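All chains should be built: construct the whole structure from the sequences, respecting the hints.
In order, the protein sequence lines correspond to chains A and B.
Quick note, the first sequence lines up with residues 83 to 195 if you use our numbering.
Quick note, the second sequence lines up with residues 76 to 186 if you use our numbering.
These aren't lab readings, by the way, just hints derived from the structure by calculation.
Quick caveat: nothing in here was measured; it's all calculated off a predicted structure.
Note that CB positions come from ideal geometry on N, CA and C, so glycine has one too.
Some hints could be false.
[Stated by the list, open to error] Here are the computed distance ranges between Cβ atoms for each label pair: (1) B:S152 to A:I135: 37 to 45 Å; (2) B:A115 to A:Q163: 24 to 32 Å; (3) B:E134 to A:S110: 38 to 46 Å; (4) A:A152 to B:N138: 17 to 25 Å; (5) B:S76 to A:G165: 16 to 24 Å; (6) A:E124 to B:S184: 15 to 23 Å; (7) A:R99 to B:I128: 43 to 51 Å; (8) A:E140 to B:P89: 31 to 39 Å; (9) B:W82 to A:T127: 27 to 35 Å; (10) A:D113 to B:S132: 13 to 21 Å; (11) A:R143 to B:S140: 41 to 49 Å; (12) A:D137 to B:E173: 19 to 27 Å.
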Amino acid sequence: DQQVKQNSPSLSVQEGRISILNCDYTNSMFDYFLWYKKYPAEGPTFLISISSIKDKNEDGRFTVFLNKSAKHLSLHIVPSQPGDSAVYFCAASLEGNTGKLIFGQGTTLQVKP
Amino acid sequence: SQTIHQWPATLVQPVGSPLSLECTVEGTSNPNLYWYRQAAGRGLQLLFYSVGIGQISSEVPQNLSASRPQDRQFILSSKKLLLSDSGFYLCAWTPGVEKLFFGSGTQLSVL
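This is how it looks when you write it as structure tokens:
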């Protein structure tokens, strides 16, 4: 039973437009959420995070939104760039900002020039 | 700066053969260490974590084991591989309460 789900395996957007990656979770006890990005032949790298006490966190072109009532997390990338093409994983924690994370399946983002 | 090394990048093993994947971290001391696995079509799943030498916690029952013989060394092992052990294995570390830093991963195919 997957507690964190990314229901869209892939997403394609045009360069300069907004990319919206979605993530749903089932456990209301999650208290910390993160997004990781993964390029081929590399390990995932941390992108952005949000505590459950917040509903938005912004870092440059990346913004994460948290809707606790809907148990939904989204990552917005504006504007999208070809270098953003990668697999994006959302992850959740029951123990704050620690390494014990539950990951979604990942969404492959392709940004077309 | 801290770096994490994981090898090999790819591995093809027959069913029933043993497994040993090694991970080392440089530039830090007393890291928390983790083994994650991604099976086909699924998210990364935490297999083991360690907060110190000889201290191993298993998150899911399985055919694998982990050991931490030195502060910055984490080893994933199996005595006899199963087909279901195929997947992408990632080692990771944190200094404690902070984001995960991942190695480059090992793609294991059990045939």
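Whether the CB-CB distance between D113 (chain A) and S132 (chain B) falls inside 13 to 21 Å: Distance hint for D113 (chain A), S132 (chain B) holds at roughly 20 Å.
Cβ distance range 24 to 32 Å for A115 (chain B) and Q163 (chain A), holds or violated: holds (29 Å)
Outcome for the supplied range 38 to 46 Å, where the beta carbon pair is E134 (chain B) and S110 (chain A): violated (21 Å)
Assessment of proposed distance window 41 to 49 Å (beta carbons of R143 (chain A), S140 (chain B)): holds (42 Å)
Supplied distance hint 43 to 51 Å, evaluated on CB atoms of R99 (chain A) and I128 (chain B): holds (50 Å)
Range hint compliance [Cβ, S152 (chain B) to I135 (chain A), 37 to 45 Å]: holds (40 Å)
Distance restraint evaluation - E140 (chain A), P89 (chain B), Cβ atoms, bounds 31 to 39 Å: violated (50 Å)
Hint check for S184 (chain B) and E124 (chain A) - Cβ pair distance inside 15 to 23 Å: At roughly 19 Å between Cβ atoms, S184 (chain B) and E124 (chain A) fall inside 15 to 23 Å, so the hint holds.
G165 (chain A) and S76 (chain B) - C-beta distance against the hinted 16 to 24 Å: Given range 16 to 24 Å: holds, Cβ gap about 22 Å.
A152 (chain A) versus N138 (chain B) beta-carbon gap, inside 17 to 25 Å or not: violated (38 Å)
Range hint 27 to 35 Å (beta carbons of W82 (chain B) and T127 (chain A)) holds or violated: Taking Cβ atoms as reference, W82 (chain B) and T127 (chain A) lie about 19 Å apart, which means the hint is violated.
Satisfaction of the hinted span 19 to 27 Å by the C-beta atoms belonging to D137 (chain A) and E173 (chain B): For E173 (chain B) against D137 (chain A), whose Cβ atoms are near 23 Å apart, the range 19 to 27 Å holds.
Checked against the numbered hints given earlier, the structure breaks hints 3, 4, 8, 9 and satisfies all the rest.
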